[in-house]
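Heads up: the sequence lines are chains A and B, in that order. Numbered per the working numbering, the first sequence spans residues 1 to 216. Numbered per the working numbering, the second sequence spans residues 1 to 214.
Honestly, the hints are just simulated from the structure, not real lab data. Careful: at least some of the hints might be erroneous.
Unchecked claim - Here are a few chain B residues that sit away from chain A, every Cβ distance over 10 Å (derived from the structure):
| id | residue |
| --- | --- |
| 1 | D49 |
| 2 | A107 |
| 3 | R192 |
| 4 | H205 |
Said to hold, decoys possible - Here chain A is said to cover these stretches of chain B; the calculated rule only asks that three of the stretch's residues, wherever they fall, bring their Cβ under 8 Å from a Cβ of chain A:
| id | region |
| --- | --- |
| 5 | 60 to 72 |
| 6 | 84 to 96 |
| 7 | 109 to 116 |
| 8 | 174 to 183 |
As the list claims (entries may be wrong) - Pair by pair, the computed Cβ-Cβ distance ranges are:
| id | chain 1 | residue 1 | chain 2 | residue 2 | range |
| --- | --- | --- | --- | --- | --- |
| 9 | A | D85 | B | P164 | 32 to 42 Å |
| 10 | B | V72 | A | N151 | 23 to 33 Å |
| 11 | A | E177 | B | H31 | 42 to 52 Å |
| 12 | B | T183 | A | H100 | 25 to 35 Å |
| 13 | B | P164 | A | T194 | 17 to 27 Å |
| 14 | B | K5 | A | K4 | 37 to 47 Å |
| 15 | A | S196 | B | P132 | 26 to 36 Å |
| 16 | A | I199 | B | T93 | 44 to 54 Å |
All C-beta atoms, glycine included, are put in the ideal place defined by N, C-alpha and C.
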Amino acid sequence: MHHKLSVAAAVTTSFYAAPQAPTDARRLFDAACTALGLDADPPTPLRAGRGHASALILAKEWGLTELAERLTRAIEASYEPTWDDDRGEFTWGMSLDEPHPRGQFNAFLAAAEAAGPGMWTRLSEAPLEPCPQVVDVDFPAVALTRAEWVNGCLMLKLAPLVEDPNRTTTFRIVDVEPRLWYLTGIPNATMDVTPSCVIVRVPLVHGTLEFTPGSY
Amino acid sequence: MELSKRSLGWLRYLDRKAKTPDNWNKDGRPHPHWDDRSDPPMASWHRFDLVDSSYALGLMAHRTPAWTEPYVAILDELIQRHTGWWSAADWLTQFGPDPDRAAYPDAYRMFIPEQLWGSYDVPGWTANGIEPWGVQMDPIAADGMLFYKGFFLVLLGIRSMIDPDQKWNSPFEMIRDGANTFTWTHTEIAERLTEQWMAAPIGCHCENTKIWPY
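Just chain A, with the same shape it has in the complex (with noise of 0.2 Å):
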């Protein structure tokens, strides 16, 4: 026997068929986002779920901008999104009054802040590029909000959690050449290349790290 729903529930059949079935999954996507009434603005705020969120990734995945535009402000007025400045963290609080922000709701809020044009396809479609890494970073009271290689330049964006020029953190780049390289972009950051890796000293300050390779 067939059970039949509606077209709004193609919402979240159309978020996991989109990288395997793009077509299929955008006529089901647009039937369900009518369903919705996201041909304008909905009304809110919206109920706590997780359909808005989804149809967020794939609004962006597909570079839907009025629709993103759309859902970003309903999100907004609905959501409740919520810093803790101590620890640094955000989340979603959806007004539902809970001690624990809500996992599920959350995870497709914070899928849908990370999307971008072609990411969610991307993800699935091939494993991420090999590249030499940074690790031992100490996270979560150090992170890099951008890390990657650029034309044989490695690209680092610091962002401790507390600020402080006077202390430093290490964290060390694997698999790279040993060679000459060159580290600018931070005062009195410092680096020592070992034949397995090179340890970066760098002080606790937002700010952005070249690593630059110099000649043999």
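Since the structure of chain A is already known, use the hints to place chain B on it.
Only chain B this time, still in chain A's reference frame:
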């Protein structure tokens, strides 16, 4: 690409949540910050919090591809919990037809064909043990429980997409309840599900007797 301030804030929250010790074995209980409340009756189980949380981690890894360490560490915590008894608490406690069939709330009417109201298990009731399948305590080997092994593969798959170390292709134990201890690897779980799909092109059961279109 970069991580937004909010993404970093949520990553810090999930890191603390995932690294707070708790016990997902039968004699334990998941910490209350793991969500077993959302979207009943189908998704109101702790494991959905584990799997859903992995989506953002995979996306964030693509934003900082030279720093995947924090995502992999959290994913390992999520996966480890998904091997515990509590990850399959529905399958391991919901045997036979639901004794509460006649007392479902009206909100469940949308999930149940009208003519079967009162004599039909709501989606979410896994019905382990009903014929012709009988009791099957291993949720991976079971004929049903697609939504367990399929979403677990998503979780394992996201980790494998951002770290090639094959950690979860070494045999690991699941459920860990005496005789009900089962050994699997990531690849073996995928092979098991492939077998099931090949044998039943119409689809595999999530809850026994129920096949979903995704």
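Subject >> Hints that the structure is at odds with (numbers, increasing) >> reply: Structure breaks hints 1, 6, 8, 15.
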